[in-house]
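One-letter residues, chain by chain:
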Amino acid sequence: MGVRPTTTSTSPTPREMYQKSNSSSPSLVGSIMRSLKSSHSIRRLSAGEDAENGNHDSLQKSNYHRARSLNSNGSAQSHGRGVSHIHLSPLRKSSSGNGSFHKDKHSSHSQKRDKYFADLDEDWSAVIEDYNMPIPMISNGGVELRPPVTVGSRRSETGESRSPSAGYPNLPQLNKSRSSDLKSQYEQENEREVQALNSLMHRVAKFDAILNPTHGNQVNVSELRRLSWNGVPMVHRPSVWRLLIGYASANIKRQSSLLQRKRQDYRDGVELVFSKDHTRDLPTWHQIEIDIPRTNPFIPLYQFPLVQESLQRILYLWAIRHPASGYVQGINDLVTPFYQTFLTEYLPPAQKEDVDKICPDTYLSREQLLDVEADSFWCLTKLLEQITDNYIHGQPGILKQVKNLGQLVKRIDSDLYDHFSQENVEFIQFAFRWMNCLLMREFSMSMVIRMWDTYLSETSLDSTSSAAAEAPSSSLPPDSSLQNSPGGAFRETVTSAKFQGKHNAAATSRQTSLSEFHVFVCAAFLIKFSEQLIGMDFQETITFLQNPPTKTWTESEIELLLSEAYIWQSLYKDATSHWR
Amino acid sequence: MNTSVTSIKLVLLGEAAVGKSSIVLRFVSNDFAENKEPTIGAAFLTQRVNMGDHTIKFEIWDTAGQERFASLAPMYYRNAQAALVVYDVTKPQSFIKARHWVKELHEQASRDIIIALVGNKLDIIENGGERKVAREEAENLAQQEGLLFFETSAKSGSNVNEVFLGIGQKISLKPAQNAQDGGQGSSGLRINDDSRIDLRAPYGQSSAAGSCNC
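As they're listed, the protein sequences go chains A and B. Quick note: the first sequence uses full-length UniProt numbering, first residue 1, plus one each step. Quick note: the second sequence uses full-length UniProt numbering, first residue 1, plus one each step.
Keep in mind that the hints were calculated from the coordinates and are not lab data. Small disclaimer: the values here were computed from a predicted structure and weren't measured. From the three backbone atoms N, C-alpha and C, an ideal C-beta is built for every residue, glycine too. Since no wrong hints were added, every one of them can be taken at face value.
Chain B stretches covered by chain A per the calculated footprint, using a threshold of three residues with CB under 8 Å from any CB of chain A: (1) 28-38; (2) 57-66; (3) 70-83.
One chain only, chain A, in its complex shape (with noise of 0.2 Å):
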């Protein structure tokens, strides 16, 4: 269990979750999702080895959310004047710290975050007052231009804190009871600007460390899949992705000599399958051609010709590599959040976020964007590879996925599963789609994006598992057939071995499912509206469902989800286990 953090053994909660699930009370789970979402970090604690590094991502996570938005609103400089306005916080530095600071920060609270953690589990409260304790603005007017980190670790160290949480979020709202006759709004808000601020640059430099080890050359890449469970900095993106996706080697002494031959192998494709010795397979070329111009109609980015040329050009290699499949429609909607992430590389910090509206050639050389084709081609193929069944003849990899949403929606809200059947809503007429686009219709771009820094952390391709395992594993005859068969002991031995075998392999799978992962995600998003859609009919049902109120979704809904999906997928694995 590597990757994904359990949460069976830290906290009442998915028993609560589950009894919640018989009794059907919406806003129980609400808020039992909620406060398992803010203290996110509960279930990395169970992974074992660093609970404290997990907790700090989780909670750093929101602050980071904070930021971002932020930054979207204003602007970095108004960051800047920001802070001078609240000179008298001892977070206020961090904003301007950078790297080392925070790994140093980091270490010197790693074995406070236990007890915090200790605590959350049994008592709010009682980490509530301990946010509050540390809270008065110790003038630390010689801490100036120290990071946050050593204020912190001084203030513990002479006793004036009892608690490691003066990094964390949500410290102002709590400290404004205290003070609030003290500061106006405004510095309120400029600290809580700061605090923002200053967990982005922790998370920054979190994945800096990661991602530039400074001993060994392997980058820990199931660390790197743990961090960035919960979201990746935009300007880590395109690195994270290519290395939580399996194409670019986490072997950093290699990484850019085989970057720059898979980009080399991607050109001389192209050259190759557009050359004139090669026959286009027209049927292919057509379908891909009026698709084009009908991806993402809404996004500037993909009106470019340039832009539209370059998926052009990646979809129809990839269709005419996989014969199998083929081009897909679908896969010109997948293809597109690689696409724009790997263009953020190549732009100005402060266009960073423009990336959907911004011509690529105004910032990329030719051969820039020959790269970043070269890595949406790469990944795509890697993210294809875990879900090829979904675009092979039949699509049985959907139908699959489809029955087994059915499934899991009878056993978590049978309630919504017995109305479906009643109004002869079939999943089919609905969820097709999302399996085919992995919900990339349901949400904005931005979203999907960070929807994937968790899809991509949840699936591994690193392993050989994925594809080898599955297949065979489905085919085995039950336990008991062979128990009862006749010579039986011998045989037992023999295959209990092979079961031995098989069954590792499902468990290394186990942690590799996109499919799976997928399907629960989809789960918890139509129970997400059960309420509303028990009162609804057939046709209402479907009109809802094929056009949710979810393109507007921010990247807190969208986190939720995937906390609750991932809860569901520790509940319900047994249950599910023979999906594999």
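Keeping the supplied structure of chain A fixed, place chain B upon it in accordance with the hints.
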């Protein structure tokens, strides 16, 4: 006197990008979008039309055109009372595909399904583009196979409503004829306003019992 409401379950079939979704969008919302995302699986829409003293409610399944999704189509046309088989008047290939769909519907769909053959994108020809599917060729097919036939432009809106009205007329005539024949009148078509046809109900069977012509 209550106005009766007839629900018609209608399915659209045809090659990718011939304008199936655009025809529906024009009919349902009187709108047009130049580049619509390809339909995946199928999309469901409804529209009511008043015809004389009663209302027809179209329940429309707009299917995905790409060949790979074709295995889903039977699910949508199996219990349909009407089908639009759409092609693009500037794409001969799409007309070949249309022939295939007509054949498949005659073999697999409900026996008395009403099929309309629809040549779309007429606006391209009106604006100087080259017609690649002759009107006569399509008319011949329609006559041989007993289809309604229309040429439309979802972009300009020309003739789109007529397709649906044509289907509505043909279907609402049927129960009346049946009634004259001896009382199988309702045949599951005339239903109350707030109910709808059960998509899984063996519609074909019940009507076959009364109105089979063979």
